[in-house]
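The listed protein sequences correspond, in order, to chains A and B.
Every letter in the first sequence is one number past the one before it in our numbering, and letter 23, counting from 1, is 23.
Every letter in the second sequence is one number past the one before it in our numbering, and letter 141, counting from 1, is 267.
Here are the in silico distance ranges between beta carbons for each label pair:
| no. | chain 1 | residue 1 | chain 2 | residue 2 | range |
| --- | --- | --- | --- | --- | --- |
| 1 | A | Ala97 | B | Asn148 | 31 to 41 Å |
| 2 | A | Val77 | B | Tyr129 | 24 to 34 Å |
| 3 | B | Ser150 | A | Cys16 | 23 to 33 Å |
| 4 | B | Asn213 | A | Gln69 | 43 to 53 Å |
| 5 | A | Gly106 | B | Trp130 | 51 to 61 Å |
| 6 | B | Ala194 | A | Arg71 | 20 to 30 Å |
| 7 | A | Asp109 | B | Gly160 | 45 to 55 Å |
| 8 | B | Arg278 | A | Ser30 | 24 to 34 Å |
| 9 | A | Leu17 | B | Thr255 | 41 to 51 Å |
Please keep in mind that the hints were generated in silico from the structure rather than gathered at the bench.
Bear in mind that the values here come from a model prediction, so they are computed numbers and not experimental data.
Virtual Cβ for every residue (Gly too), placed ideally from N, Cα, C.
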Amino acid sequence: MSHLTDLPVWAAIPVCLLLLAGSAISLIGSIGLIRLKTFYGRLHAPTLSSSAGTILICLASMIAFAVLQNRWIFHEVLIVLFVILTTPVTLMLLGQAALYRDRIEGSTDVPRKTTGPEPDLSAIDI
Amino acid sequence: MRYWFPYPLLSLSLFALWLLINQSISPGHILLGGMLGISWAWVMVNLQADRTRLRKFRRIAVLTGHVAIDVLRSNLAVMRVILRSGNRPVNSGFVTIDLSLRDDNALALLACILTATPGTAWLEFDRQTGVLMIHVLDLENGARWSDLIKRRYETPLKEIFE
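Assemble the whole structure, with the sequences as input and the hints as a guide.
The structure is reproduced here in structure tokens:
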């Protein structure tokens, strides 16, 4: 890590600020996981770190290594792209699972399915 | 031509991705990336993905700008909600939206947009009726949210994809 000391001050300041902002946002997202009370509310908290947190930390990394190695770094752009492309998959999976379970349990907080077959209650042992 | 290049845009983006990951434009990487791009497009043929033509590149630029602004704004909004949630109960709820968008790729993109903006989570889409259910963290007004998503995202996506 010693080569990080080669970073000039004018680059170190924005890198530090971006890193701190990114980590603060990720921290707030994690606090949200505790503070929000419902499962669906908690779905929103980690998206803070997967969007703004990732983008800010990747920006910091781009600036730091662009200055240190004197070239443009694109790997971070790809990281942001992949994170944005893949989070909906996990999120939908979790959301669908929660919806399915709430409907099976007959929870009134969850809207009914508009059409299509209702979940088969007889097949499942609750 | 169609036989060799079933998904030209996909091949091209895979090729660009390969060069970006390796950070080099040496002839070896260009050859390897080209081969990978073309052969992975053949894999996609078996998955029978919808083939869509992108149109109206100006709309794409405008939509990208809108999404960037919304991601920023909703990040701030969700942070405020989380930090205040100790004092004030969170007013969250489900919103159902009637979508007229049917293109698979456009719907996938809409899912990415809605997920990337914190505060909205895509929960369920009914393919038969076209009803989308999302969960909104800070629900002021259900009709406003459904209006916003229809106007800001669905209309431009329809213009771009259909």
